[in-house]
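The whole structure should be built from the sequences, with the hints applied where relevant.
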Amino acid sequence: MFYFVYVLLSMKDNKMYIGFSTDVNRRLKEHNNGKNRSTFNRRPLKLIYYEAHTNKSAALKRENYFKTTKGKTMLRIILKDVLSELYPGT
1 MFYFVYVLLS MKDNKMYIGF STDVNRRLKE HNNGKNRSTF NRRPLKLIYY EAHTNKSAAL
61 KRENYFKTTK GKTMLRIILK DVLSELYPGT
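Start counting the sequence shown at 1; every next residue gets the next number (the UniProt record's numbering).
Worth flagging that the hints you see were computed from the coordinates, not collected in a lab. Heads up, a few of these hints could be off.
Unchecked claim - List time: in silico SDA-like cross-link candidates among lysine to any residue, alpha-carbon distance up to 25 Å: (1) 56 <-> 18; (2) 12 <-> 39; (3) 12 <-> 40; (4) 72 <-> 48; (5) 15 <-> 44; (6) 29 <-> 2; (7) 61 <-> 82.
No experiment lies behind these values; they were computed from the predicted model shown.
Right, dumping it as structure tokens:
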């Protein structure tokens, strides 16, 4: 079984949401169908990054890291090309 850490980008407010799931596609649908309070008013959301882990504990640690200031900075570096495609000229 794989455990995924994923990053969604709100097309409404351009903010990222970081989450954890065993099924990224199902989770994305739930977010876009308004089944998550944190993202309900930020829809639509686009999956811009995910990584798979074979260990649940490692995936949860990675999710928590990405939610820190240092982790968000690292994500912006990892996602530099993706974000520049979505927002040319930035």
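Verification of the hints:
1. 56 <-> 18: Since the Cα atoms of residue 56 and residue 18 sit roughly 16 Å apart, the hinted pair holds (cutoff 25 Å).
2. 12 <-> 39: holds, 10 Å
3. 12 <-> 40: holds, 11 Å
4. 72 <-> 48: holds, 14 Å
5. 15 <-> 44: holds, 11 Å
6. 29 <-> 2: holds, 19 Å
7. 61 <-> 82: Holds, at roughly 24 Å.
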